[in-house]
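Given chain A, put chain B in place with the hints provided.
Number of protein chains: 2
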Amino acid sequence: MSDLGALTTPSLLVDRTRVERNVARMGARIAGLGATLRPHVKTHKSIEVGRLQAAAGMRGITVSTLAEARAFAAHGFDDITYAVPIERGKFEAVAQMNAAGVRLAVITDDVTVPGPLGEAARQAGVTVDTWVKVDCGYHRCGVDPEGPSLAELARRIGERTHLRFAGILAHAGHSYQARGPTEILAVARSERDVMVAAAAHLASAGVPVPAVSIGSTPTAMGVDHLTGVHEVRAGNYAFFDVMQVTIGSCTADDCALSVLAAVVHRDPKRGTVILDAGGIALSKDAGIADADGVTHYGRVLDVEGRDLGLRVTSLSQEHGVVHVRDDALLTRLGVGARVRVLVNHSCLTAAQHAEYVVCEGTAIVGRWVNHRGW
Amino acid sequence: MSDLGALTTPSLLVDRTRVERNVARMGARIAGLGATLRPHVKTHKSIEVGRLQAAAGMRGITVSTLAEARAFAAHGFDDITYAVPIERGKFEAVAQMNAAGVRLAVITDDVTVPGPLGEAARQAGVTVDTWVKVDCGYHRCGVDPEGPSLAELARRIGERTHLRFAGILAHAGHSYQARGPTEILAVARSERDVMVAAAAHLASAGVPVPAVSIGSTPTAMGVDHLTGVHEVRAGNYAFFDVMQVTIGSCTADDCALSVLAAVVHRDPKRGTVILDAGGIALSKDAGIADADGVTHYGRVLDVEGRDLGLRVTSLSQEHGVVHVRDDALLTRLGVGARVRVLVNHSCLTAAQHAEYVVCEGTAIVGRWVNHRGW
Numbered sequence: 004m005s006d007l008g009a010l011t012t013p014s015l016l017v018d019r020t021r022v023e024r025n026v027a028r029m030g031a032r033i034a035g036l037g038a039t040l041r042p043h044v045k046t047h048k049s050i051e052v053g054r055l056q057a058a059a060g061m062r063g064i065t066v067s068t069l070a071e072a073r074a075f076a077a078h079g080f081d082d083i084t085y086a087v088p089i090e091r092g093k094f095e096a097v098a099q100m101n102a103a104g105v106r107l108a109v110i111t112d113d114v115t116v117p118g119p120l121g122e123a124a125r126q127a128g129v130t131v132d133t134w135v136k137v138d139c140g141y142h143r144c145g146v147d148p149e150g151p152s153l154a155e156l157a158r159r160i161g162e163r164t165h166l167r168f169a170g171i172l173a174h175a176g177h178s179y180q181a182r183g184p185t186e187i188l189a190v191a192r193s194e195r196d197v198m199v200a201a202a203a204h205l206a207s208a209g210v211p212v213p214a215v216s217i218g219s220t221p222t223a224m225g226v227d228h229l230t231g232v233h234e235v236r237a238g239n240y241a242f243f244d245v246m247q248v249t250i251g252s253c254t255a256d257d258c259a260l261s262v263l264a265a266v267v268h269r270d271p272k273r274g275t276v277i278l279d280a281g282g283i284a285l286s287k288d289a290g291i292a293d294a295d296g297v298t299h300y301g302r303v304l305d306v307e308g309r310d311l312g313l314r315v316t317s318l319s320q321e322h323g324v325v326h327v328r329d330d331a332l333l334t335r336l337g338v339g340a341r342v343r344v345l346v347n348h349s350c351l352t353a354a355q356h357a358e359y360v361v362c363e364g365t366a367i368v369g370r371w372v373n374h375r376g377w
Numbered sequence: 004m005s006d007l008g009a010l011t012t013p014s015l016l017v018d019r020t021r022v023e024r025n026v027a028r029m030g031a032r033i034a035g036l037g038a039t040l041r042p043h044v045k046t047h048k049s050i051e052v053g054r055l056q057a058a059a060g061m062r063g064i065t066v067s068t069l070a071e072a073r074a075f076a077a078h079g080f081d082d083i084t085y086a087v088p089i090e091r092g093k094f095e096a097v098a099q100m101n102a103a104g105v106r107l108a109v110i111t112d113d114v115t116v117p118g119p120l121g122e123a124a125r126q127a128g129v130t131v132d133t134w135v136k137v138d139c140g141y142h143r144c145g146v147d148p149e150g151p152s153l154a155e156l157a158r159r160i161g162e163r164t165h166l167r168f169a170g171i172l173a174h175a176g177h178s179y180q181a182r183g184p185t186e187i188l189a190v191a192r193s194e195r196d197v198m199v200a201a202a203a204h205l206a207s208a209g210v211p212v213p214a215v216s217i218g219s220t221p222t223a224m225g226v227d228h229l230t231g232v233h234e235v236r237a238g239n240y241a242f243f244d245v246m247q248v249t250i251g252s253c254t255a256d257d258c259a260l261s262v263l264a265a266v267v268h269r270d271p272k273r274g275t276v277i278l279d280a281g282g283i284a285l286s287k288d289a290g291i292a293d294a295d296g297v298t299h300y301g302r303v304l305d306v307e308g309r310d311l312g313l314r315v316t317s318l319s320q321e322h323g324v325v326h327v328r329d330d331a332l333l334t335r336l337g338v339g340a341r342v343r344v345l346v347n348h349s350c351l352t353a354a355q356h357a358e359y360v361v362c363e364g365t366a367i368v369g370r371w372v373n374h375r376g377w
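Here the protein sequences line up with chains A and B, keeping their order.
Start counting the first sequence at 4; every next residue gets the next number (the working numbering).
Start counting the second sequence at 4; every next residue gets the next number (the working numbering).
Please keep in mind that the hints were generated in silico from the structure rather than gathered at the bench.
Predicted model only: the values in this text are computed from it and were never measured.
Hints may be right or wrong, so weigh each one.
Claimed, not checked - With the C-beta cut set under 7 Å, the calculated list includes, among others, these residues of chain B facing chain A:
| hint | residue |
| --- | --- |
| 1 | S67 |
| 2 | R91 |
| 3 | E95 |
| 4 | Q99 |
| 5 | E321 |
| 6 | G339 |
| 7 | V372 |
| 8 | N373 |
| 9 | W377 |
Said to hold, decoys possible - Just so you have them, the derived chain A footprint on chain B, three or more residues with Cβ under 8 Å:
| hint | segment |
| --- | --- |
| 10 | 113-127 |
| 11 | 192-206 |
| 12 | 255-268 |
| 13 | 275-287 |
Stated by the list, open to error - Derived Cβ-Cβ restraints for the label pairs, each shown as a range:
| hint | chain 1 | residue 1 | chain 2 | residue 2 | range |
| --- | --- | --- | --- | --- | --- |
| 14 | A | A294 | B | A34 | 53 to 59 Å |
| 15 | B | E23 | A | R91 | 49 to 55 Å |
| 16 | B | E23 | A | E186 | 30 to 36 Å |
Yeah, the Cβ is synthetic: ideal placement off N, Cα and C, and Gly gets one too.
In isolation and in its complexed conformation, chain A is listed as follows:
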């Protein structure tokens, strides 16, 4: 054990106690609602966090890259859904992983996919679980839940001897537009109800739906019941972040991820300090505006984690600009001072770093690898 004072800056810090608490709470919550949790590991890409989620009762994982799938499979996670629509360049890798004993399921919303995907599976001698991606209101990907493509796609999958229609799957990304419990609940109900209705519609058209999968952190935190839903694929909740605080999914005390930074410049006349955490260390995700309308790149805390009431307001590659109006604070934040930036969007910031420095309070208790890349 050492402490934060000796770390190089910038470094990515994760508070293990908070991760454990976040993970246990979501595990209990989804189990209590009668569904299973298949956490999206794209937020952390960390085997150790995956193991904490496994201990909290998850069933399988969700990934956003084949690199995540390979890394987790190499550590014994053998039930994986790759939740970016599949295309031909990844068919062979998916088939090979299935041939190696990993249940790597895929998603699609395109009628041209099942034919060649099924052929790749046949050649590898495997059956690939294939979900139909449904647009539950986010309007990014997915078929219309009320249109004819849904049944057609499910049938095309079912017709292929080496594909199995796994069910229908959606992500309520529009929950990030919500503010506060009432708006979150409205999106959560819509995500659930659209998908349960789509499953009923398919069943009445003669296409039984093995499973209904939904998920986003705000809706998973806010939904009132999950009748008709089989699994939830939330991910951000392991770390949370300032965006989730603003949405109303969590409090600042739940946020587990911060970047340790050093002050490298102070200008009393302009009332600014510059940190050595810039657009690479923090990511350039401006997230969503705070409740007061200010868009920023993270809140500034002291090393012990106390909020200094400051925000990182602009970034260049290795510089983060913080405006400081308070003279006493400006005096305290001399060149060489350390602060922590509570990150705006943990999924994006985590991916900027090769590893996590694992902390309990200000004590360093370990390092976790971030399995980046594609």
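The following block gives chain B in isolation, referenced to the frame of chain A:
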């Protein structure tokens, strides 16, 4: 040699022919203006690009992280300026690298730094070249070129037995606000003239200035003369990018960096396609608005590099959204189609990838490591 069709997506592509041309042109340009070029390798973090720059006549390099300094030093680059203001957490590493035979110079704009920095140098038995960072109009870091701090800081450095006052250094980051040659030239002249005047002011106050260092890609491309300036630290020019096209530093044909991506979703009704290059593969740097006022995350080209007239308009972690109004184009961009995204801000996008796939046309001719981290 293979070709782009077999690559996984997303992949970072670099056009070697364009890099060589860009590097040769800047080398000749700065030599012709009578100054030396100390390229900022933060853009590429690549030993191979550094070697191309060395072949084109550079003298030493500039870095934005100690990780870059270590990586380049390990490959024989022994004359390095670390151009982020130094703070106590890095004193020991800097002293150690100097002790190992690398001339690793630092910059500062803070009067509290020379004392303890000089002490760290003394303990390591080395002399550390130390520049005074001057604010030439960008207003990020640096001392006022007309204020009393400049001479005071130069004197404090000169007083330390184990520091050497290396000169004054500035970066005209405000050149990124310029549009077109006239505005670029105005910033370039101001960057040069402010610094030459500051050096004269210091000399008249009894502080000889060994060197004047300036640099940004737009000003290096646009400046009319460099009388009184010793070195130029441009970096982006090795790759250029869409931002530099918009500023007017280069043309689209100079841009060497793109991200190969696959279409994973197409919606004819909404007129959108989704790429598997999102906020991680491209970075979330929205750069500066195009001439038509549109802010975006890169231009979309076909695999051969022809501009399709499309832009990536929004991003999530592994998804990039492209709006396509043309029906024929939408038909062509089916799921599985490949495109290249000409990147908005090459420094930020490059740092999102562990390696470059080096191309000549559509042929793959090598791989270069990106030395990321801190």
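How the hints compare with the structure:
1. At a threshold of 7 Å, the smallest CB-CB gap from S67 (chain B) to chain A is about 5 Å, leaving the interface hint in force.
2. Of the supplied interface hints, the one on R91 (chain B) holds, with its beta-carbon coming within about 4 Å of a beta-carbon of chain A, less than 7 Å.
3. At a threshold of 7 Å, the smallest CB-CB gap from E95 (chain B) to chain A is about 10 Å, leaving the interface hint violated.
4. Residue-level restraint check for Q99 (chain B) is violated (minimum Cβ-Cβ distance to chain A is 13 Å; threshold 7 Å).
5. Among the interface hints, the one on E321 (chain B) holds; its C-beta lies about 5 Å from the nearest C-beta in chain A, closer than the 7 Å criterion.
6. A least Cβ separation of about 4 Å between G339 (chain B) and chain A falls short of the 7 Å threshold, and the interface hint therefore holds.
7. Hint status for V372 (chain B) relative to chain A: violated, with the closest Cβ pair at about 13 Å, above 7 Å.
8. The interface hint given for N373 (chain B) is violated, since its Cβ lies 11 Å from the closest Cβ of chain A, which is over the 7 Å cut-off.
9. This hint holds: W377 (chain B) has a C-beta 6 Å from the nearest C-beta of chain A, less than the 7 Å allowed.
10. Judged by the Cβ-Cβ criterion of 8 Å, the segment 113-127 of chain B is covered by chain A as claimed, because 3 of its residues qualify and three suffice.
11. For the segment 192-206 of chain B, the stated coverage by chain A is violated: 0 residues have a C-beta nearer than 8 Å to a C-beta of that chain, whereas at least 3 were required.
12. Evaluation of the coverage hint for the segment 255-268 of chain B: fulfilled, as 4 residues show C-beta separations to chain A shorter than 8 Å, against a requirement of three.
13. Interface restraint, the segment 275-287 of chain B with chain A: holds (7 residues with C-beta to C-beta distance below 8 Å; minimum three).
14. Look at A294 (chain A) against A34 (chain B): about 55 Å separates their beta carbons, and that is inside 53 to 59 Å.
15. Under the hint 49 to 55 Å, the C-beta atoms of E23 (chain B) and R91 (chain A), about 34 Å apart, miss the expected range.
16. As the Cβ distance of E23 (chain B) to E186 (chain A) is approximately 54 Å, the hint placing it in 30 to 36 Å is violated.
Checked against the numbered hints given earlier, this structure breaks hints 3, 4, 7, 8, 11, 15 and 16; the rest are met.
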